[in-house]
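Undergrad: The lines below spell out each chain.
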Amino acid sequence: NAGVMQNPRHLVRRRGQEARLRCSPMKGHSHVYWYRQLPEEGLKFMVYLQKENIIDESGMPKERFSAEFPKEGPSILRIQQVVRGDSAAYFCASSPPRGSRTLETQYFGPGTRLLVL
Amino acid sequence: GENVEQHPSTLSVQEGDSAVIKCTYSDSASNYFPWYKQELGKRPQLIIDIRSNVGEKKDQRIAVTLNKTAKHFSLHITETQPEDSAVYFCAASTAPRYNDYKLSFGAGTTVTVRA
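Those sequence lines, one after another, are chains L and D. Every number in this note's numbering is 87 more than the matching position in the first sequence, counting from 1. Every number in this note's numbering is 31 more than the matching position in the second sequence, counting from 1.
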């Protein structure tokens with residue numbers, strides 16, 4: 088029973104390039120969340136998605152960042168024209184479908200560590 | 032939005048002693064409070080959670096207490112072991128009310144268990 092999967096685990100980009108991070112939720116989960124963790128800090132919410140819908144993007148920077156969760160395939164967090172300040176660990180989490188007794192519970196993936204040179 | 036504060040930021044305890052981490056939250060509508068353990072370079076792992084309809088929950092050496100009136104909740108680890116050394120994060124959410132499931136995290140507590 089695979090948990091939340093993320094790839095790549097490590098990503099190095101030069102300033103101005105694009106970073107594309109992927110997340111596959113746990114089997115049976117249809118809700119995905121993205122969080123960013125700066126070095127030695129807590130996790131900050133970025134965006135919450137269901138299949139083909141963005142539910143809450145209140146934590147997403149207004150420019151350069153976008154997220155999607157298509158009907159088929161993983162959720163993708165895209166960062167365009169990366170800058171050094173984007174260097175962080177990006178974690179994805181998933182939760183059970185609505186109607187589950189534990190629908191608030193979020194399970195995290197291993198993260199993608201992005202380094203911008 | 033929700034603001035979660037966590038104390039202390041670092042905690043060093045002797046093996047076998049207890050560790051207590053405290054968090055406060057600002058949004059009285061918050062009703063779900065999970066705790067995560069994160070080892071260096073690893074994913075946050077859910078260790079225990081509590082919902083607002085209970086005041087205390089225990090799982091072996093780990094317990095969480097919630098005081099809704101004071102808007103604070105605490106993690107208690109008894110009989111600490113070296114493998115308890117990690118960063119612990121508290122979080123809060125208003126889910127499922129308002130269809131708002133995002134977690135607001137505290138800044139974390141680095142726990143070191145001395146052998």
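Derived by calculation from the structure, the hints in this document are not laboratory data. Among the hints, a few may not be true.
In silico DMTMM-like pairs for lysine to aspartate or glutamate, Cα to Cα no more than 25 Å straight-line [to be verified]:
{"#": "1", "chain 1": "L", "residue 1": "K114", "chain 2": "L", "residue 2": "E150"}
{"#": "2", "chain 1": "L", "residue 1": "K114", "chain 2": "L", "residue 2": "D173"}
{"#": "3", "chain 1": "D", "residue 1": "K73", "chain 2": "L", "residue 2": "E128"}
{"#": "4", "chain 1": "L", "residue 1": "K114", "chain 2": "D", "residue 2": "D80"}
{"#": "5", "chain 1": "L", "residue 1": "K131", "chain 2": "D", "residue 2": "E70"}
{"#": "6", "chain 1": "L", "residue 1": "K149", "chain 2": "D", "residue 2": "E33"}
{"#": "7", "chain 1": "D", "residue 1": "K89", "chain 2": "L", "residue 2": "E144"}
{"#": "8", "chain 1": "D", "residue 1": "K99", "chain 2": "D", "residue 2": "E70"}
{"#": "9", "chain 1": "D", "residue 1": "K88", "chain 2": "L", "residue 2": "E191"}
{"#": "10", "chain 1": "D", "residue 1": "K88", "chain 2": "D", "residue 2": "E33"}
{"#": "11", "chain 1": "D", "residue 1": "K53", "chain 2": "L", "residue 2": "E105"}
{"#": "12", "chain 1": "D", "residue 1": "K53", "chain 2": "D", "residue 2": "E114"}
{"#": "13", "chain 1": "D", "residue 1": "K73", "chain 2": "D", "residue 2": "D115"}
{"#": "14", "chain 1": "D", "residue 1": "K102", "chain 2": "D", "residue 2": "E46"}
{"#": "15", "chain 1": "L", "residue 1": "K158", "chain 2": "L", "residue 2": "E105"}
{"#": "16", "chain 1": "L", "residue 1": "K131", "chain 2": "D", "residue 2": "D80"}
{"#": "17", "chain 1": "L", "residue 1": "K131", "chain 2": "D", "residue 2": "D115"}
{"#": "18", "chain 1": "L", "residue 1": "K131", "chain 2": "L", "residue 2": "E105"}
{"#": "19", "chain 1": "D", "residue 1": "K53", "chain 2": "D", "residue 2": "E36"}
{"#": "20", "chain 1": "D", "residue 1": "K73", "chain 2": "L", "residue 2": "E127"}
{"#": "21", "chain 1": "D", "residue 1": "K53", "chain 2": "D", "residue 2": "D90"}
{"#": "22", "chain 1": "D", "residue 1": "K53", "chain 2": "L", "residue 2": "E128"}
{"#": "23", "chain 1": "L", "residue 1": "K131", "chain 2": "D", "residue 2": "E36"}
{"#": "24", "chain 1": "D", "residue 1": "K102", "chain 2": "L", "residue 2": "E128"}
{"#": "25", "chain 1": "D", "residue 1": "K99", "chain 2": "L", "residue 2": "E155"}
{"#": "26", "chain 1": "L", "residue 1": "K131", "chain 2": "L", "residue 2": "E144"}
{"#": "27", "chain 1": "D", "residue 1": "K73", "chain 2": "L", "residue 2": "D173"}
{"#": "28", "chain 1": "L", "residue 1": "K131", "chain 2": "D", "residue 2": "E33"}
{"#": "29", "chain 1": "D", "residue 1": "K53", "chain 2": "L", "residue 2": "E127"}
{"#": "30", "chain 1": "D", "residue 1": "K102", "chain 2": "L", "residue 2": "E191"}
{"#": "31", "chain 1": "L", "residue 1": "K114", "chain 2": "L", "residue 2": "E155"}
{"#": "32", "chain 1": "L", "residue 1": "K131", "chain 2": "D", "residue 2": "D58"}
{"#": "33", "chain 1": "D", "residue 1": "K73", "chain 2": "D", "residue 2": "D58"}
{"#": "34", "chain 1": "D", "residue 1": "K73", "chain 2": "L", "residue 2": "E191"}
Undergrad: Would you mind marking each hint as holding or not holding in the structure?
TA: Verification of the hints:
1. L/K114 / L/E150: Not OK: L/K114 and L/E150 at ~32 Å, beyond 25 Å, violated.
2. L/K114 / L/D173: This hinted pair is violated, its Cα atoms lying about 30 Å apart.
3. D/K73 / L/E128: Answer holds: D/K73 to L/E128 is near 14 Å, not above 25 Å.
4. L/K114 / D/D80: Distance ~22 Å between L/K114 and D/D80 Cα, so the pair holds.
5. L/K131 / D/E70: OK: L/K131 and D/E70 at ~18 Å, within 25 Å.
6. L/K149 / D/E33: Since the Cα atoms of L/K149 and D/E33 sit roughly 20 Å apart, the hinted pair holds (cutoff 25 Å).
7. D/K89 / L/E144: violated, 34 Å
8. D/K99 / D/E70: violated, 29 Å
9. D/K88 / L/E191: With Cα atoms ~17 Å apart, D/K88 and L/E191 stay inside 25 Å; holds.
10. D/K88 / D/E33: holds, 23 Å
11. D/K53 / L/E105: violated, 40 Å
12. D/K53 / D/E114: holds, 21 Å
13. D/K73 / D/D115: holds, 14 Å
14. D/K102 / D/E46: The given pair, whose Cα atoms are some 30 Å apart, is violated under the 25 Å limit.
15. L/K158 / L/E105: Cα-Cα ~23 Å, so holds.
16. L/K131 / D/D80: holds, 19 Å
17. L/K131 / D/D115: Cα-Cα ~24 Å, so holds.
18. L/K131 / L/E105: With Cα atoms ~21 Å apart, L/K131 and L/E105 stay inside 25 Å; holds.
19. D/K53 / D/E36: holds, 8 Å
20. D/K73 / L/E127: The given pair, whose Cα atoms are some 13 Å apart, holds under the 25 Å limit.
21. D/K53 / D/D90: Distance ~18 Å between D/K53 and D/D90 Cα, so the pair holds.
22. D/K53 / L/E128: Holds: D/K53 and L/E128 sit about 17 Å apart, inside 25 Å.
23. L/K131 / D/E36: At roughly 13 Å apart (the allowed maximum being 25 Å), D/E36 and L/K131 satisfy the hint.
24. D/K102 / L/E128: With a Cα-Cα distance of about 23 Å, the restraint between D/K102 and L/E128 holds, given a limit of 25 Å.
25. D/K99 / L/E155: Given that 25 Å is the threshold and the Cα spacing comes to 36 Å, the pair is violated.
26. L/K131 / L/E144: holds, 12 Å
27. D/K73 / L/D173: holds, 19 Å
28. L/K131 / D/E33: holds, 12 Å
29. D/K53 / L/E127: holds, 19 Å
30. D/K102 / L/E191: With Cα atoms ~19 Å apart, D/K102 and L/E191 stay inside 25 Å; holds.
31. L/K114 / L/E155: holds, 18 Å
32. L/K131 / D/D58: Holds, at roughly 17 Å.
33. D/K73 / D/D58: violated, 29 Å
34. D/K73 / L/E191: The hint holds at about 22 Å.
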